[in-house]
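Student: Listed below, chain by chain, are the residues.
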Amino acid sequence: NAGVTQTPKFQVLKTGQSMTLQCAQDMNHEYMSWYRQDPGMGLRLIHYSVGAGITDQGEVPNGYNVSRSTTEDFPLRLLSAAPSQTSVYFCASSYSARQMNTEAFFGQGTRLTVV
Amino acid sequence: AQSVAQPEDQVNVAEGNPLTVKCTYSVSGNPYLFWYVQYPNRGLQFLLKYITGDNLVKGSYGFEAEFNKSQTSFHLKKPSALVSDSALYFCAVRDMGHSGGGADGLTFGKGTHLIIQP
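Those protein sequences? They're chains C and A, same order as listed. Letter 15 of the first sequence, counting from 1, is numbered 15 in the numbering used here, and no numbers are missing. Letter 36 of the second sequence, counting from 1, is numbered 36 in the numbering used here, and no numbers are missing.
Pulled out of the complex, with its shape left as it was, chain C reads as follows (with noise of 0.2 Å):
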């Protein structure tokens, strides 16, 4: 059981650039986010999506945009790469946007340099 997996797990790019960030569950889940981690931030929110085809805003969605087109899929593109997007993003999923006392399940991150 693979959960979820992010790729790549690192990545550098050059301002202006534009990449997307895999993000892929096969726990057949309804809700899917992507954080970024930041020194002495935690986690803030970035999107999120309660079912394919829904899509909505975090915490900080601002150069960022994603779609969910299947059950497993979940990929964050960032438009045009800022050194402010320097960060470490995780993909999450958990069972149900309903059950809110389910737990969610995190990928294993990837750390974006933007120079």
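Since the hints were made in silico from the structure, they are not lab data. All of these numbers come straight from a predicted model, not from anything done at the bench. Glycine included, every Cβ here is placed at the ideal spot set by N, Cα and C. It is possible that part of the hints are untrue.
[What the hints assert, rightly or not] Some chain C residues flagged as far from chain A (calculated, every beta-carbon gap over 12 Å): (1) Val12; (2) Ser33; (3) Leu112.
[Unchecked claim] Within a straight-line C-alpha distance of at most 25 Å, the following computed DMTMM-like cross-link-like pairs (lysine to aspartate or glutamate) qualify: (4) A:Lys58 to C:Glu103; (5) A:Lys110 to A:Glu8; (6) A:Lys110 to C:Glu103; (7) A:Lys22 to C:Glu103; (8) A:Lys110 to A:Glu64; (9) A:Lys69 to C:Glu103; (10) A:Lys110 to C:Asp26; (11) A:Lys22 to C:Asp38; (12) A:Lys110 to C:Glu59; (13) A:Lys110 to C:Asp56; (14) C:Lys14 to C:Glu30; (15) A:Lys49 to A:Glu8; (16) A:Lys77 to C:Glu103; (17) C:Lys14 to C:Glu103; (18) A:Lys49 to C:Glu103; (19) A:Lys49 to C:Glu30; (20) A:Lys22 to A:Asp54; (21) A:Lys110 to C:Asp38; (22) A:Lys77 to C:Glu59; (23) A:Lys69 to A:Glu15.
[What the hints assert, rightly or not] One-sided excerpt, in silico: chain C residues whose CB lies under 7 Å from chain A: (24) Gly42; (25) Val60; (26) Phe90.
Given the coordinates of chain C, work out where chain A should sit on it, guided by the hints.
Tutor: Just chain A now, with coordinates in the frame of chain C:
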């Protein structure tokens, strides 16, 4: 709005001693509370959760946490620390009354580095 505070950036404990990592929360309704652990260069792993019922919750790797409603706290504890417990620990909260306007309503604290010294 809901929030989580982890007042200590770092906690140092000698191996074999009991450990406590503190967490306080603020929600408008009743909380669902979670602890996660992050080892270096890894994602977050679920440790335990409080939903309802017994205030003392037991989780993975010998960890437990005590829910205290009057003090709005959910401190993580372990009777005897191991060097392998050294990691970054996150407390998180969801408001039971959350309607979904803020995603799944999960708010994380800033994390506490736990360092267990041999």
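Student: Now look at each hint and say whether the structure bears it out.
Tutor: Outcome of the hint check:
1. Val12: The assertion about valine 12 of chain C holds, with a minimum of 16 Å to chain A.
2. Ser33: violated (6 Å)
3. Leu112: holds (14 Å)
4. A:Lys58 to C:Glu103: It holds: about 15 Å lies between the C-alpha atoms, which stays within 25 Å.
5. A:Lys110 to A:Glu8: holds (9 Å)
6. A:Lys110 to C:Glu103: holds (18 Å)
7. A:Lys22 to C:Glu103: holds (20 Å)
8. A:Lys110 to A:Glu64: The hint holds at about 20 Å.
9. A:Lys69 to C:Glu103: Holds. Lysine 69 of chain A to glutamate 103 of chain C sits at ~21 Å (cutoff 25 Å).
10. A:Lys110 to C:Asp26: violated (29 Å)
11. A:Lys22 to C:Asp38: Answer holds: lysine 22 of chain A to aspartate 38 of chain C is near 21 Å, not above 25 Å.
12. A:Lys110 to C:Glu59: Cα-Cα ~15 Å, so holds.
13. A:Lys110 to C:Asp56: Since the Cα atoms of lysine 110 of chain A and aspartate 56 of chain C sit roughly 23 Å apart, the hinted pair holds (cutoff 25 Å).
14. C:Lys14 to C:Glu30: Answer violated: lysine 14 of chain C to glutamate 30 of chain C is near 34 Å, above 25 Å.
15. A:Lys49 to A:Glu8: holds (20 Å)
16. A:Lys77 to C:Glu103: holds (19 Å)
17. C:Lys14 to C:Glu103: violated (36 Å)
18. A:Lys49 to C:Glu103: Distance of about 8 Å is within 25 Å: holds.
19. A:Lys49 to C:Glu30: holds (20 Å)
20. A:Lys22 to A:Asp54: holds (19 Å)
21. A:Lys110 to C:Asp38: holds (9 Å)
22. A:Lys77 to C:Glu59: Violated - the C-alpha atoms of glutamate 59 of chain C and lysine 77 of chain A are around 30 Å apart, more than 25 Å.
23. A:Lys69 to A:Glu15: violated (30 Å)
24. Gly42: Result: holds, 4 Å to nearest chain A Cβ.
25. Val60: violated (12 Å)
26. Phe90: holds (6 Å)
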